[in-house]
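Construct the entire structure; sequences and hints are all you get.
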Amino acid sequence: MAIRAEGTRSGAEAWKRNSRGRETRERVVKFFLMACAYLSIFTTVGIVIVLFEETARFFLKVSPVEFLTSTQWAPPQGEFGVLPLVYGTLTATFIAIAVALPLGLLTAIYLSEYAPRALRRWLKPALEILAGVPTVVYGFFALTFITPFFRDSVFSGIQSFNALSAGLIMGVMIIPTVASVSEDAIYAVPLSLREGAYALGATRRETATRIVVPAALSGIVAAVILGISRAIGETMIVTIAMGAQANWLGSPLEGMQAMTAYIVQVVGGETPRGSITYESIFAVGSALFLMTLALNLASYWFVRRYRETY
Amino acid sequence: MAQSSMKAGQQDGGPSGGDFKESLSTRYGLDRGFTVLVSVAAFVGVAVLAVLLVDVTRDGSSMLSLEFLTSFPSQVFPENGGIYPALIGSLWLLGLTGAISVPLGLGAAVYLEEYAGDTRINRMIEVNISNLAGVPSVIYGLLGLGIFVELLAPITGGGSVLTGAMTLSLLILPVIIVATREALKAIPNSIREGGYALGATQWEVIWSHLLPRALPGAITGIILALSRAVGEAAPILVVGVSLYQTYVTTGPFDGYMALPTQIYDWISRPQEVFQNSAAAGIVVAMVVLLVANSFAIWLRNRYQQRS
Chain X
1 MAIRAEGTRS GAEAWKRNSR GRETRERVVK FFLMACAYLS IFTTVGIVIV
51 LFEETARFFL KVSPVEFLTS TQWAPPQGEF GVLPLVYGTL TATFIAIAVA
101 LPLGLLTAIY LSEYAPRALR RWLKPALEIL AGVPTVVYGF FALTFITPFF
151 RDSVFSGIQS FNALSAGLIM GVMIIPTVAS VSEDAIYAVP LSLREGAYAL
201 GATRRETATR IVVPAALSGI VAAVILGISR AIGETMIVTI AMGAQANWLG
251 SPLEGMQAMT AYIVQVVGGE TPRGSITYES IFAVGSALFL MTLALNLASY
301 WFVRRYRETY
Chain W
1001 MAQSSMKAGQ QDGGPSGGDF KESLSTRYGL DRGFTVLVSV AAFVGVAVLA
1051 VLLVDVTRDG SSMLSLEFLT SFPSQVFPEN GGIYPALIGS LWLLGLTGAI
1101 SVPLGLGAAV YLEEYAGDTR INRMIEVNIS NLAGVPSVIY GLLGLGIFVE
1151 LLAPITGGGS VLTGAMTLSL LILPVIIVAT REALKAIPNS IREGGYALGA
1201 TQWEVIWSHL LPRALPGAIT GIILALSRAV GEAAPILVVG VSLYQTYVTT
1251 GPFDGYMALP TQIYDWISRP QEVFQNSAAA GIVVAMVVLL VANSFAIWLR
1301 NRYQQRS
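Chains X and W, in that order, are what the protein sequence lines are. Residue 1 is where the first sequence starts when you use this note's numbering, and the numbers rise one by one after that. Residue 1001 is where the second sequence starts when you use this note's numbering, and the numbers rise one by one after that.
Be aware that a few hints might be false.
[To be verified] 25 angstroms max Cα-Cα, derived SDA-like pairs, lysine to any residue: (1) K124(X) x L1037(W); (2) K30(X) x L1215(W); (3) K1185(W) x L1215(W); (4) K1185(W) x D184(X); (5) K124(X) x L1215(W); (6) K1185(W) x Y187(X); (7) K1185(W) x I1121(W); (8) K30(X) x Y1196(W).
Think of the hints as simulated: they come from the structure by calculation, not from any bench. Computed from a predicted structure; not experimentally measured.
Okay, structure coming up:
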């Protein structure tokens, strides 16, 4: 509209001038938009530089071999073996996946194969809300509801901070991730495969578990890998409910410290820049970054490599 | 195709295991059992959410009042403490994060969807954005600490609310970009061609036709992303949010408190009364979150029905 008005009002010569103005504006706008897109590259480069610069300083004081193989983690005593923190992170992650894999997959099957339309429209947003609950809230719930519940019922010896409660609630947190990515994969399985199964006399369950799920397997694996990555990077639940005491090979009923929880613990105190403790959070951060990066790339690769094409 | 999949399914044995069962009544029985199983499993998450809401409301009810919203937290009289500075700080974070991340996110999405050709660097940007979406939030905190707090201290004022907002913006940019691109993808090409046929330049078409049409879809993603940003505690703890301050944030270079970190601070204190304050703070945060998310989802449903 505005363009036509400009054109008719200003005549041929003005149009030319105007069009040169428009060309300049096009170039400026395109440049600005391109800068926005390139910001993502700078973000990644920034993360890598910041993490590895401080990590390099850390490794001048602590040998990488000690960092990666020692099972002693006690920063005040100068013991920097990262394995106990990795153990804490992986214990909570394992429990979380044990919850989220079956529940997320069954939820996905229910949503795409069983749920009536009206219920589906209601349940999917509810799951999105589940994924959006601030993690401090989950941490509070694990600490003040789940742990006391376990103490009064099955595990009387459970510690106030423990991996079990933190892991279980983290599993609930990632159900929506696993469910929604799996559901996309299950939904993409063509109807003809289901119809073929029904025509051969398969029941609904047989069709779902033996035809649809195997056909969507690559997407489901990607969903689980993504869930593991989210659990490893989760911070507030493990900080609040799992404790701040590194614990190598402890039982899930005991407190332990996750990698993310260590970072939060250190920044909570006054730690001067340049101290070995300050640098250690970047070393732990680097390890965390590399673990989640590997998982994200694996998930991406898995979807592309094993996608069934119909 | 179906037959071969069926055979493969039988060979590796599905969750029910074993070979094909011939008895129809067994198969129908298993079928009913499985229907019950998936139906129950699908509601476990929602059930936990319901129990959680009831539990925090019960714990927090003794503290909830109008004064709770308008008072400073108190170490001496915790019963009278409130979340006022944290609430104001979170509003600042919300406003600044929105002001930074929305234009940048829309810009990047428009570039990738409308301008970028299928070149190596553009494919790299795409992979990179999906990777950034999976980077743990605490790592963004470390990035903010290294760059915004230390390196750019003269510009950002160190641990200011601006630093917090910049860090959170980087965190949610991938989400905004993905949501906006989806919305742009859904616009039929005839709209673009119609614009060009009338002599509009590419940017004129984007500004007058594509952005207005993409906005309802993009806004849903933006609201969900912003509500996630405001609920984050880990990254702002790393870039220096205050756990206690005696003044209210009045500018982008001031220190700030925030709702999730105030809740975290209360949770980490041993006395019972602080747990009630934490629960009351959670009730406030959950109400805000539920309202924002419901609005976003309502908006998306409305938009989807129309198109």
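Now for the hints, and whether the structure bears them out:
no.	hint	verdict
1	K124(X) x L1037(W)	holds, 18 angstroms
2	K30(X) x L1215(W)	holds, 20 angstroms
3	K1185(W) x L1215(W)	holds, 12 angstroms
4	K1185(W) x D184(X)	holds, 18 angstroms
5	K124(X) x L1215(W)	holds, 22 angstroms
6	K1185(W) x Y187(X)	holds, 20 angstroms
7	K1185(W) x I1121(W)	holds, 20 angstroms
8	K30(X) x Y1196(W)	holds, 17 angstroms
Of the numbered hints given earlier, the model fails none.
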